[in-house]
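Undergrad: Residues per chain, in single letters:
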Amino acid sequence: MKKEKKMTLTLPAEELMACGHLACQGCGATLAMRYMLKALGQKTALCIPACCWAVIDGPYPYSSLDVPIYHCAFETAASTATGVKAGLEMTGDSETTVVAWAGDGGTFDIGLQALSGAAERNEDIIYVCYDNEAYMNTGIQRSSATPYGAWTTTTPVKHFKTRPKKDIVAIMAAHRIPYIATASISHPEDFVKKMRKAKDIKGTRFFHVYAPCPTGWKSRPEDTVKLARMAVQNAYFPLCEIEDGDKVTLNLKLKDKKPVNDYIRIQGRFRHLTEAQVASIQAEVDARWERLLKNCAV
Amino acid sequence: MKKVMMGNHALSYGAMLSRSQVIAAYPITPQTQVVELLSEMCADGTLDARFIKVESEHSAMAACIGASVAGARAFTATSSQGLALMHEMLHWAAGGRHPIVMGNINRSMAPGWSIWTDQNDSLSERDTGWMQYYCASNQEVLDTVIQAFKVSERLMIPGMVILDAFALSHTYEVVDVPDQAAVDKYLPPFKPAIRLTPSDPRAFGGLTGAEHYMELRYKLQKDMEKAPALIEETGREFEKIFGRNLGLVDAYRCDDADFVFVTSGTAGFTARVVVDEFRKSGLKAGNLRIKVFRPFPFAKVREVLKKVKKAAVVDRNCSYGAHGIFYQEVKSALYGEAGMPPVFGYIAGLGGRDITTDSFKEVAAHALAKDKADEEIVWIGVKK
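Those protein sequence lines, which keep their order, are chains A and B. Heads up: the first sequence at position 90 corresponds to 178 in the working numbering, and the numbers run straight through without jumps. Heads up: the second sequence at position 250 corresponds to 364 in the working numbering, and the numbers run straight through without jumps.
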């Protein structure tokens, strides 16, 4: 008898996120949550500050997730999660994984102090920043995660953002926490694998997740995964891990690094950029990529 | 066991005897000894608690909120600027119904930088939904922390135990430290009906529309209205075990008094020296010390003051553009009731300026010379 080919699932089948949530079409942040929960399982508690996910989950008294959520103040994801972890431990639960789940505004800007404090103390939490590169929940205002060249409602085309995006991964690496990873919704196997690895590490673990936002990026909803993949393949958002602050591992080597132009040109937020400006973005991406390769070699 | 201790350490002992499980705090003068002693207690195992050394008061309260929703008894302490930085999280703790207990050392708000006492820091938080207890002795501080946890956890409303900077925080007094076993009997472990746990996954504090929000706040007010009776009930229960009553107000020689000083915090004890002097010279004076400010003990204040001829409220605070805050509250308690005395308002002792027996004599001289309060505020001891 011919042996039947059995399909192997590369992601856990368990779904801890239900449909009926309130995200926009093509939301990258919802995929990020779904993959994270597949990796961590039901024994997870979330602290979610003001961000798109404060709304996506659903209004009181509903929730689209099968894990407990504490909706916390904007700048307190890390400190609230610290308290939750301590409270659970003191009441006999040392198993539950406590996750601070915040957007880029709540991480790069208003929540940075609490995040830095928690990281310096090496609190036993996973902090996930899903990065859609602006304050999308309030209607697309620039954050310090907004990249060079992007239009937002507070960086209009005439005065688009001319400063580079803050390097949050380098900031977190400087805290010498046990684990940092970048992840993308375009590479769920890599995402889940790293999240599972993080689950078994004690101390502060930081994830920087790339989560395209059609509403804010002026891109097509069906291009969300494509955009995320392009950003990985052109080294705009490389996939890597940093252990103990300096052991850098590249998760996806790029034999054929793509140019950034195609990625830039399918997003309305970059529509105004001249060829020279796109070339300067390419130069910046190349320089960052070289630095990353050099750090991996060390 | 009797011990000589500073007011700050009375807070620490109160938190220890209450078996606080999570403490998150940030240092600020004049609160530091509270958390120094607690961190030693956690380090040497005297107290089985997790001490989180946060990077700000804002994070201290956020961490306490997280711990509380996870089902742990949480304590913190702060003062002045630290309390102001926590402001957002104070609303969060009360609105989320997290029964955290916090010590606050009354210190004046900057600028100019001041580490000395007045009440504008805590009174600026009066509308956050926290219960506020203003203490007048180190014994009362320790006892009130234990009682506050009991009341807070019953109502799921946080409580703030308040003491004057230096006048109490750094003053050493003899304190009767209760037995742990007796405290355990009085204050059972914190077991909230609902908590943050994967075995019962719920979303806390999500987006709340106009069809639900108002009911949540209505319930907060309704539960706050239960607090005066509960404070008295738990105060009597405390007296049965420990021999000391913890009430809403502390009335001294008010029963037959014609003239009463209304005070809060340590200033009340200074007033009592003057009351005794006045009594010797034939003036029937008294002192009503308001201990619990939120919920405001309207009925108690009316009950005491309806029998007196004049009341003088001495405020160590000012609501700029209005007047002394206790004065406002006392007037609103008496307004519309028949047979209530005229109430005179005084502001004294801001920024740590001493409120002395002479200050109270000046207050009495002014109030006794008048038939009605024709000035909204009279400043005592101010260089004009």
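If you're looking for bench data, these hints aren't it; they were derived computationally from the structure. Quick caveat: nothing in here was measured; it's all calculated off a predicted structure. Ideal Cβ positions, reconstructed from N, Cα and C, are used throughout, including at glycine. Just to be clear, a hint being listed does not mean it is correct.
[As the list claims (entries may be wrong)] Here are the simulated DSSO-like pairs of lysine-lysine, each with C-alpha atoms no more than 30 Å apart in a straight line: (1) K394/B / K290/A; (2) K486/B / K287/A; (3) K290/A / K423/B; (4) K475/B / K287/A; (5) K246/A / K287/A; (6) K281/A / K131/A; (7) K131/A / K343/A; (8) K131/A / K486/B; (9) K394/B / K354/B; (10) K345/A / K290/A; (11) K486/B / K475/B; (12) K167/B / K254/A; (13) K475/B / K497/B; (14) K254/A / K341/A; (15) K336/B / K305/B; (16) K253/A / K287/A; (17) K486/B / K423/B; (18) K398/B / K414/B; (19) K398/B / K420/B; (20) K290/A / K335/A; (21) K131/A / K423/B; (22) K285/A / K314/A; (23) K414/B / K285/A; (24) K335/A / K167/B; (25) K424/B / K414/B; (26) K394/B / K340/B; (27) K299/B / K340/B.
[Unchecked claim] One side of the interface only, derived from the structure: several residues of chain B facing chain A at Cβ under 8 Å: (28) I308; (29) A317; (30) T322; (31) A324; (32) K498.
[Said to hold, decoys possible] Among chain A residues calculated to face chain B with C-beta under 10 Å, some are: (33) Y148; (34) D154; (35) D255; (36) I259; (37) Q321; (38) E363; (39) A367.
Undergrad: All hints are to be evaluated individually against the structure, with a verdict given for each.
TA: Hint check:
1. Distance hint between K394/B and K290/A is unfulfilled; the C-alpha atoms sit about 70 Å from each other, more than 30 Å.
2. Of the supplied pair hints, the one linking K486/B and K287/A is violated, its CA atoms being roughly 71 Å apart against a limit of 30 Å.
3. For the given pair, K290/A sits about 68 Å from K423/B by alpha-carbon distance, which is inconsistent with the 30 Å threshold.
4. Between K475/B and K287/A, the direct Cα distance comes to roughly 68 Å. Violation of the 30 Å bound is thereby established for this hinted pair.
5. For a cut-off of 30 Å, the pair hint linking K246/A to K287/A is broken: about 45 Å separates their Cα positions.
6. Between K281/A and K131/A the alpha-carbon distance is near 17 Å, which keeps this suggested pair within the 30 Å criterion.
7. The suggested pairing of K131/A with K343/A is violated, with an alpha-carbon distance near 39 Å, which exceeds 30 Å.
8. At most 30 Å may separate the alpha-carbon atoms for a hinted pair to count; K131/A and K486/B exceed this at roughly 67 Å.
9. In summary, the hint linking K394/B to K354/B is not supported, as the alpha carbons are separated by about 34 Å, beyond the 30 Å threshold.
10. Restraint check: the Cα-Cα separation between K345/A and K290/A comes to about 35 Å, which exceeds 30 Å; the hinted pair is violated.
11. Using a Cα cut-off of 30 Å, the hinted pair K486/B and K475/B holds, with the two alpha carbons roughly 18 Å apart.
12. Between K167/B and K254/A the CA atoms are separated by roughly 27 Å; this keeps the pair inside 30 Å, and the hint holds.
13. Restraint check for K475/B and K497/B: the C-alpha separation of about 18 Å stays at or below 30 Å, so the hint holds.
14. Simply put, K254/A and K341/A have alpha-carbon atoms about 24 Å apart, close enough for the 30 Å limit, and the pair holds.
15. Using a Cα cut-off of 30 Å, the hinted pair K336/B and K305/B holds, with the two alpha carbons roughly 22 Å apart.
16. Taking the CA atoms of K253/A and K287/A, the gap is near 28 Å; set against the 30 Å cutoff, the hint holds.
17. Among the hinted pairs, K486/B with K423/B is consistent with the structure: their alpha-carbon atoms are about 11 Å apart, no more than 30 Å.
18. Only pairs whose Cα atoms come within 30 Å are accepted, and K398/B paired with K414/B is accepted, the gap being roughly 20 Å.
19. Between the alpha carbons of K398/B and K420/B the distance comes to roughly 15 Å, so the proposed pair stays at or under 30 Å and holds.
20. Annotation: proposed proximity of K290/A to K335/A holds, straight-line Cα distance about 17 Å (limit 30 Å).
21. Between K131/A and K423/B the alpha-carbon distance is near 65 Å, which puts this suggested pair outside the 30 Å criterion.
22. Taking the CA atoms of K285/A and K314/A, the gap is near 26 Å; set against the 30 Å cutoff, the hint holds.
23. About 61 Å separates the Cα atoms of K414/B and K285/A, which puts this hinted pair outside 30 Å; it is violated.
24. Distance check on the hinted pair: K335/A and K167/B sit about 28 Å apart at the alpha-carbon level, within 30 Å; holds.
25. Simply put, K424/B and K414/B have alpha-carbon atoms about 17 Å apart, close enough for the 30 Å limit, and the pair holds.
26. Taking the CA atoms of K394/B and K340/B, the gap is about 40 Å. The hint is violated against a cut of 30 Å.
27. Restraint check for K299/B and K340/B: the C-alpha separation of about 23 Å stays at or below 30 Å, so the hint holds.
28. At about 10 Å, the closest approach between the beta carbon of I308/B and any beta carbon in chain A exceeds 8 Å, and the interface hint on this residue is violated.
29. A cut of 8 Å between beta carbons decides the hint on A317/B: the least distance to chain A is about 4 Å, and the hint holds.
30. Residue-level restraint check for T322/B holds (minimum Cβ-Cβ distance to chain A is 4 Å; threshold 8 Å).
31. The interface hint given for A324/B is broken, as the beta carbon of that residue sits about 11 Å from the closest beta carbon of chain A, more than 8 Å.
32. Of the supplied interface hints, the one on K498/B is violated, with its beta-carbon coming no nearer than about 43 Å to a beta-carbon of chain A, more than 8 Å.
33. A least Cβ separation of about 4 Å between Y148/A and chain B falls short of the 10 Å threshold, and the interface hint therefore holds.
34. With a least beta-carbon distance of about 6 Å to chain B, the hint placing D154/A at the interface is held under the 10 Å criterion.
35. Using the Cβ-Cβ criterion of 10 Å, the hint placing D255/A at the interface with chain B is not satisfied: the shortest such distance is roughly 21 Å.
36. Checking I259/A against chain B by beta carbon gives a least distance of about 15 Å; that is not within 10 Å, so the hint is violated.
37. Contact between Q321/A and chain B, as hinted, is not supported at the beta carbon level, the nearest pair being about 37 Å apart and thus beyond 10 Å.
38. For the restraint placing E363/A at the interface with chain B, the shortest Cβ-Cβ distance is roughly 44 Å, beyond the 10 Å limit, so the hint is violated.
39. Because the smallest distance between the Cβ of A367/A and any Cβ of chain B comes to about 41 Å, over 10 Å, the interface hint for this residue is violated.
Hints 1, 2, 3, 4, 5, 7, 8, 9, 10, 21, 23, 26, 28, 31, 32, 35, 36, 37, 38 and 39 from the list above are not met by this structure, while the remaining hints are.
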